[in-house]
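Residue numbers (our numbering), protein chains in the order written: chain A, 296 to 616; chain B, 296 to 616.
Don't take each hint at face value.
Since the list gives no way to pick one copy over another, a pair counts as held whenever it fits inside one copy or between any two copies.
In silico lysine-lysine, BS3-like type, Cα no more than 27 angstroms apart, as pairs [unchecked claim]:
| hint | residue 1 | residue 2 |
| --- | --- | --- |
| 1 | K539 | K449 |
| 2 | K451 | K348 |
| 3 | K539 | K500 |
| 4 | K341 | K367 |
| 5 | K517 | K584 |
| 6 | K441 | K315 |
| 7 | K441 | K507 |
| 8 | K514 | K348 |
| 9 | K442 | K521 |
| 10 | K535 | K500 |
| 11 | K341 | K585 |
| 12 | K585 | K614 |
Honestly, the hints are just simulated from the structure, not real lab data. Only a predicted model underlies this, so the values are computations on that prediction, with no experimental measurement involved.
There are 2 protein chains.
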Amino acid sequence: MILNTPIDMHLHLREGEMLKNVLPYTQNQFAAAVIMPNLVPPVDNKERLLEYKEEILLNSENFTPLTNVFMKEFSEDELLDLADNIFAIKLYPAGITTNSENGVKTLERVYPVLEMMSELNIPLSVHGETNGFVLDREREFIDVYKKLATDFPKLKIIMEHIGTADMLYLLDEYENLYATVTLHHLLLTLDEVVGGMLNPHYFCKPLIKTPKDRAEIQKFVKSGHKKVMFGSDSAPHSIKNKLKGAAGIFSAPVILPALAEFFEGDIETFQKFISDNARSNFNLNVPEKKVELIEEEWRAPYIVGDVKPMWAGKKFKYKVK
Amino acid sequence: MILNTPIDMHLHLREGEMLKNVLPYTQNQFAAAVIMPNLVPPVDNKERLLEYKEEILLNSENFTPLTNVFMKEFSEDELLDLADNIFAIKLYPAGITTNSENGVKTLERVYPVLEMMSELNIPLSVHGETNGFVLDREREFIDVYKKLATDFPKLKIIMEHIGTADMLYLLDEYENLYATVTLHHLLLTLDEVVGGMLNPHYFCKPLIKTPKDRAEIQKFVKSGHKKVMFGSDSAPHSIKNKLKGAAGIFSAPVILPALAEFFEGDIETFQKFISDNARSNFNLNVPEKKVELIEEEWRAPYIVGDVKPMWAGKKFKYKVK
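Can you make the complete structure from the sequences, with help from the hints?
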């Protein structure tokens, strides 16, 4: 099967040696990816952004990085200066708890930025979790999404890496809300992390949740819902750091083979999920790139640099040509 | 405050070097403990049982081990031969899934043993989890408890280490059901394991669950419910094995100081939970032993042998004298 211009709408590439190790897996499967800015120091100004974009371009071919910056209290001049080089601004509202005065204050501090983004047509990318109990954090954040969607009706807001199915029902209620779904939230449950022996390699935020959440997410994805897009949130950490408790799953190597099995020959919906929905929702200007999957047994890598990938060593029915 | 004859109704002591390292913490705080038989090979015959009991007695003073054996298809002679040296028989029904034919068959294979135990007045100790989704395993097991309680009305059945509050409501429905509650299910939630960085030292089975479960468990314990007894399920693993994903929390060193803070001066209920309920429910014949807690700042050990204890290094308001 041939996919047209696959796009990963949520990717962590890191920097330096790690980037060199992991980027080839995305480049091989995708035409473009939205690159998240949580480096140390974070990508939150033009100089750092251009430097980072340059590093990605130097280490790839025929691949378009759609870079994001971290939210801060940007001035209008700063924002105008950034606009050409960013896809979206990423909001990780640490400290926000629904109905908490402080939380709302934190959010309202960036309201002027959200207003400008709305006018400049820059999407907002959100890690939607409160500081509540770990299994409730996404559900509790629903009110924040509702408030943002209502207060900025022209701002396109991406609910990233949906793990709790309830949030998907917001897509039809609010015209300006969109969602990304990862491979792991689509295919796994919390059993993978804590069902048998503890498995740090499947620990991530938002946590992978229940079979019910997974079933609902699968239903939305299989329906071809226009506002549901693939975003891997592939987030490599060294095995050493995973054993220290770092959150993140490095799924990049197995994405298309795993999705090809999931869609069971429904290439039309696969194409929408992996590319068309994103391109039409955001008018993405990404050069066309065909990616072919052939029916041939393929085994996922056991290790990439010092990172253990999702489904390390697992056999798949499809292989990226 | 002085506690009379505290009993830990569910304890893992291991063997050899590990037993030598961990036993002093229990001996220092408890008059007796129910010792679980999951060694390699398991304690499931008289020879092994007496050998293990001897090891515990050799390494302790003024301490009564109430030993358990693993469930197997015992003959009447075997059971009669064991009866004097065991407190209960432990059933870990791996493979049981509610309504699964296989599960019921597995359970029914030991029905003759349960019948004899019922006649001999030997309690049944149960790890109540199905093989379902990790957060549902205890709730799904409720039907098994109901069936056991109904099929053997004279058999005393202990629902061990309750993590899902729903099970506590069975206590008033079935005269022959009892429950143990651990320190960690009483005081922690899943946030401890996966709420921040992944923390393997708080990973255990049954998993620590939600704030709602914890609140209900606390309510039952604070009510002094006669059928709710303390059982730590303290389960030491080397740090090396914890990092490999082993389940179990080594809570033994901090039990009484932590419970003293939890009961906030309600010594009467504390005394019931830590001793009186167990002694009266099971007519336990344990020599009296007074344990005094004094109000003096005390810090939990950072490490015991190669094991990291629960709340390592935490300061408590009470100290065991």
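Each hint, compared with the structure:
1. K539 <-> K449: neither (42 angstroms within a copy, 49 angstroms between copies)
2. K451 <-> K348: Within one copy, since 23 angstroms is at most 27 angstroms while 68 angstroms is not.
3. K539 <-> K500: Close inside one copy (15 angstroms) and across copies (21 angstroms); limit 27 angstroms.
4. K341 <-> K367: within (13 angstroms within a copy, 69 angstroms between copies)
5. K517 <-> K584: within (24 angstroms within a copy, 65 angstroms between copies)
6. K441 <-> K315: neither (39 angstroms within a copy, 58 angstroms between copies)
7. K441 <-> K507: both (23 angstroms within a copy, 26 angstroms between copies)
8. K514 <-> K348: neither (36 angstroms within a copy, 56 angstroms between copies)
9. K442 <-> K521: This pair counts as within: shortest intra-copy Cα distance 22 angstroms, inter-copy 49 angstroms.
10. K535 <-> K500: Both, since 18 angstroms and 25 angstroms are each at most 27 angstroms.
11. K341 <-> K585: Answer is neither; intra-copy 32 angstroms and inter-copy 70 angstroms both fail.
12. K585 <-> K614: within (14 angstroms within a copy, 69 angstroms between copies)
When each numbered hint is compared with the structure, violations occur for hints 1, 6, 8, 11.
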